[in-house]
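Colleague: One letter stands for each residue in the lines below.
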Amino acid sequence: MKYLLLIYSSPATWQALPGEQREEMAREHAALVNELIASGEYLGGNALADALHARVVRIRDGARSVTDGPYAEVKEQLAGYDLVDCDSVERATEIAARLPEARLFAVEVRPVMELNGMEM
Amino acid sequence: MLRRLSPQVLGALIRNGGGFDAAEDAVQEALLAAAQRWPIEGPPRNPRGWLITVAARRLTDQHRADAARARREAAAVALIPADDLVAPPADAPPAVVDDDTLTLLFLCCHPALTPPSQVALTLRAVGGLTTVEIARAFLVPEASMSRRISRAKQRIRDAGGRFGVLAEPERHERLDTVLQVLYLIFNEGYTASAGPALHRTELTREAVRLTRQVRRLLPDDGEVAGLLALMLLTEARRPARTGPDGALVPLAEQDRRRWSADLIREGIALVTGTLPRSVIGPYQVQAAIAAVHAEAGRAEDTDWAQIHALYELLERIAPNPMTTLNRAVALAMARGPHAGLELLATLDADHRLAGHHRLSAVRAHLLELAGDHPAARSAYLDAARLSTSLPERRYLEDRAARLG
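One line per chain: the protein sequences are A and B, in this order. Counting along the first sequence from 1, when you hit position 28 you're at 28 in this note's numbering, and nothing is skipped either side. Counting along the second sequence from 1, when you hit position 284 you're at 284 in this note's numbering, and nothing is skipped either side.
It cannot be assumed that every hint is accurate.
[Said to hold, decoys possible] So, partial list: chain B residues that the calculated Cβ filter (under 10 Å) puts toward chain A:
| no. | residue |
| --- | --- |
| 1 | P141 |
| 2 | S278 |
| 3 | H338 |
| 4 | A339 |
| 5 | R393 |
[Said to hold, decoys possible] Computed footprint of chain A on chain B; a stretch qualifies when at least three of its residues, placed anywhere within it, have a C-beta under 8 Å from a C-beta of chain A:
| no. | region |
| --- | --- |
| 6 | 205-213 |
| 7 | 249-256 |
[As the list claims (entries may be wrong)] Restraint-style ranges between C-beta atoms, simulated for each label pair:
| no. | chain 1 | residue 1 | chain 2 | residue 2 | range |
| --- | --- | --- | --- | --- | --- |
| 8 | A | V33 | B | V279 | 44 to 52 Å |
| 9 | B | D301 | A | V33 | 51 to 59 Å |
| 10 | A | A16 | B | A370 | 14 to 22 Å |
| 11 | A | W14 | B | A33 | 49 to 57 Å |
| 12 | A | W14 | B | D245 | 44 to 52 Å |
| 13 | B | Q154 | A | A102 | 50 to 58 Å |
| 14 | A | R91 | B | G160 | 21 to 29 Å |
| 15 | B | R209 | A | R91 | 26 to 34 Å |
| 16 | A | R110 | B | E295 | 38 to 46 Å |
| 17 | B | T346 | A | V112 | 31 to 39 Å |
| 18 | A | A102 | B | T346 | 38 to 46 Å |
| 19 | A | P111 | B | A247 | 15 to 23 Å |
It is worth saying that the hints were derived from the structure and are not from the lab. Quick caveat: nothing in here was measured; it's all calculated off a predicted structure. Don't be surprised by glycine CBs; every beta carbon is placed ideally from N, CA and C.
Generate coordinates for the entire structure from the input sequences, incorporating the hints supplied.
Modeller: Quick look at the structure:
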């Protein structure tokens, strides 16, 4: 079963951290990713640029509107994600708990929809 | 033919002392050589012997390259069984080959592995699917699947798993696991008639092929026959199961003329041939239920009383809240929706079903039958939100919309 691990963080809290601590978190995250690559559970992931760069696209009555994200002022924003494929939601939760970001911010674990289904 | 021979060649190599990884690499190289040379030179008289010879030679080369393992060279050369170098007489018993396939299946379904790893390894080593094909079917990158498979092999090694004949009762337990793994593979490939999941139908085909193989090896096992029958009778509905736009069509609304008559005939023959003379087991009972559905020319002709009785039997031999859930549907169809809803109410406290979309989906269906459309609609919508399957969610949302 595939799970998306969504990392929410607060830019203000992140920036207030001492430099070594930010680097240590990045190293810890990279080490976990390497471990998940080795186990075959890692499917992909990325860090996201600050929500300052976000653009929000809407089509209304056939017209396209593009606005800057309303998220620049939001305290917590989506900062990155990892996609894993593992045996159970318990295992996905265990991985999420080992993301260093979980200690300071929050990691949301969401199942990815499956494509097989039984007729009823 | 190459796909069929690959587990036999792998089995022969491992049986004679080759490591799982090295033997598998050697088999892959031999298959590649065969794919390149046979079309030009024509297939050899004894394809299996040819493949074992080439693979064993590759294995020797690998060992030779590894100085520390030089002592094993002799063992690798001795790997080529003399009788594999000549074509066997037509009436020779294929016992060793078959045992190898079964032993390999047992090894891949080692209890040290999680079910997803057992599935991946079985498809790779016994099914003869390439890692690329397995990765594509499970919609993961090839590198991830390849690591998962190596890790599964490593775990078997660490757990002391060996290529050898199992003694009872371990053998019996392992066969149960093998059947579970085959059924998992079958279900993974179920539905998916279009879109990114199209490759998954390969899994269903592979599961049926492997189960047929196990059935040939263990013709007297009722549960093996039961699982094969269950797969065939389920697969028979494939053409009617999804609409032209890929939407799930429920059993009651399927165009039964599109069911595969051949698969139904074969499935029913297996059920009727097996049930009377075997120790009864869950796969046989589920196959019998599928057979009762298959025998009804129209949905309204379904013998629900018999299906209900079979679910009662299934509940007794393998108690499971999912079975009770299915029995509630049969009960509702046989004696009216309120009888079914009463039985459902007994499941509300069962933590194994808590938050499971099937409980809400069945309740929605029975409420709809009872004519309580607002409650049915709300239960369909609950079920849709709880489901983690795209086709099922779409079906449940459609049902709710119809009652809107």
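Colleague: Go through the numbered hints given earlier and state which of them the structure violates, listing their numbers in rising order.
Modeller: The structure breaks hints 2, 3, 4, 6, 10 and 13; every other hint is satisfied.
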